[in-house]
Structures are given as C-alpha cells and as structure tokens.
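Build out the structure end to end from the sequences listed, making use of the hints.
Under the numbering used here, the first residue of the sequence shown is numbered 1, with each subsequent residue one higher.
Check the hints yourself; a few may be wrong.
Each pair of labels, with its calculated beta carbon distance range [as the list claims (entries may be wrong)]: (1) Asp-114 - Pro-60: 33 to 43 Å; (2) Lys-165 - Ser-70: 40 to 50 Å; (3) Pro-60 - Glu-127: 32 to 42 Å; (4) Glu-95 - Ala-151: 52 to 62 Å; (5) Lys-156 - Lys-35: 46 to 56 Å; (6) Tyr-87 - Lys-165: 30 to 40 Å; (7) Pro-58 - Lys-156: 21 to 31 Å; (8) Thr-118 - Leu-163: 53 to 63 Å; (9) Glu-127 - Phe-55: 38 to 48 Å; (10) Pro-31 - Lys-116: 37 to 47 Å; (11) Lys-116 - Leu-163: 55 to 65 Å; (12) Lys-76 - Leu-163: 41 to 51 Å.
Please keep in mind that the hints were generated in silico from the structure rather than gathered at the bench. As the structure is a computational prediction, the values presented were derived from the model and not from experiment. In this text, a Cβ means the ideal position worked out from N, Cα and C, and glycines have one as well.
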Amino acid sequence: MDKNFLEHGGLFHKASLYDEILHVPLILIGPDIEKYADKNLISQIDIAPTILDLFMLPLPKFYRGLSVLSTSIRKKYVISEAVKSGYRTYAIRTEKWKLIYNPKWQELYNLERDPKETKNVKDEEKEEYKNLLAILNKHILWEEKIRIRRATILEKQRIIRKLRKIRF
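Set out below in structure tokens:
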C-alpha cells in the first residue's frame, strides 16, 4: 500500500524525501542468510555490494555502497536525492535527525521526537542544521565533480561519433 497519501501534501511517489517514501524494508532470503532484523541505516547504493558479498565476489573500487551483511560496518548517515520543482533536492538522515535541503527551502526534523516529520525545527536547532548541511555540501560538491567528469566523457564520445561520420 502506498503510504504517501497527503501526509506531506503529496500524492503517490512524486519526488518526496520523507520517510513514508524512503524508509523501505530490504528483505534478503537465502539458504546461508541468517534471520535477523537490522535497524542500521542503509541506502540503495548498498544493494549491489550486498549482492556481490552474497556471491563472494570482489567489490569494484568505484562502488560507494557497503554490504549490509557486514555487521561491523555502521553508517552514521545516508543521503537521498530527488528532483523537485526544477531543483535537485537532497535529504541526509541520521538515526535522530533528517535534513531535507533544496536551494529554495530547507526542513530539519528530530526523528526521535517527530517520526512523522511534521515539525520543521531548522530555526530552533541551528547547530544541528549547520552540521548536517556541512556533510551534505561535501556530498553535493563530490556529486558535481562526478557529473562534470561524466559529461566530459559523454561529450568526447559524441565528438568521436561525429568525426567517424565525416569522410576525409
């Protein structure tokens, strides 16, 4: 059942970064998989490393995710992204806090006191806002470098394709 029915003014899954959309259980079933519930923070980027771990295959160096089967690894935060109102919107979530950041608006929630994300405490919790925003800004800069690198590679490939069509 879709839980995003007007909790935050939205209907269905339209670029929402609230927990009713982001908090999805990951269920792994298999003969060598222990039965347990893991409440640690995980992200979609952890799915491929987990599958590789299940098959005992090496993790490529460029993967950013971690296998959820490694119980010694515990993430301090996860980051999500969406495009909303023409702007890229980010969310950084810890066990206790969630910051949703868009260049035009920001929301900060204390998830221990407000698990349904109804009271934006950005103005009251300035220090927590600043700390989460600093982590998020590092992520945004890193992502932008990756996007530029990808765009450069794609542009080179486009030029090469055009040159191959030209007959000298």
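At the C-beta level, are Lys-76 and Leu-163 separated by a distance inside 41 to 51 Å?
holds, 47 Å
Range hint compliance [Cβ, Pro-58 to Lys-156, 21 to 31 Å]
holds, 29 Å
Tell me if the beta carbons of Lys-116 and Leu-163 are separated by a distance inside 55 to 65 Å.
holds, 56 Å
Take the C-beta atom of Glu-127 and the C-beta atom of Phe-55, compute their distance, and say whether it sits inside 38 to 48 Å.
Between Glu-127 and Phe-55, where Cβ atoms are some 44 Å apart, the hint holds.
Satisfaction of the hinted span 30 to 40 Å by the C-beta atoms belonging to Tyr-87 and Lys-165
holds, 37 Å
Determine whether the Cβ-Cβ distance between Asp-114 and Pro-60 falls within the hinted range of 33 to 43 Å.
holds, 39 Å
For the hint 37 to 47 Å, verify it against the beta carbon of Pro-31 and that of Lys-116.
Taking Cβ atoms as reference, Pro-31 and Lys-116 lie about 38 Å apart, which means the hint holds.
Given a hint of 53 to 63 Å, does the C-beta separation of Thr-118 and Leu-163 actually sit inside it?
Roughly 57 Å apart at Cβ, these two residues keep to the hinted range, so it holds.
Outcome for the supplied range 46 to 56 Å, where the beta carbon pair is Lys-156 and Lys-35:
Since the Cβ atoms of Lys-156 and Lys-35 sit about 49 Å apart, the hinted range of 46 to 56 Å holds.
Lying within 52 to 62 Å: is that true of the beta-carbon distance Glu-95 to Ala-151?
Violated: the Cβ-Cβ distance is about 36 Å, outside 52 to 62 Å.
Return holds or violated for the Cβ distance of Pro-60 and Glu-127 against the range 32 to 42 Å.
Given about 38 Å between the Cβ atoms, the range holds.
Range hint compliance [Cβ, Lys-165 to Ser-70, 40 to 50 Å]:
holds, 49 Å
The earlier numbered hint that this structure contradicts is number 4, and it is the only one.
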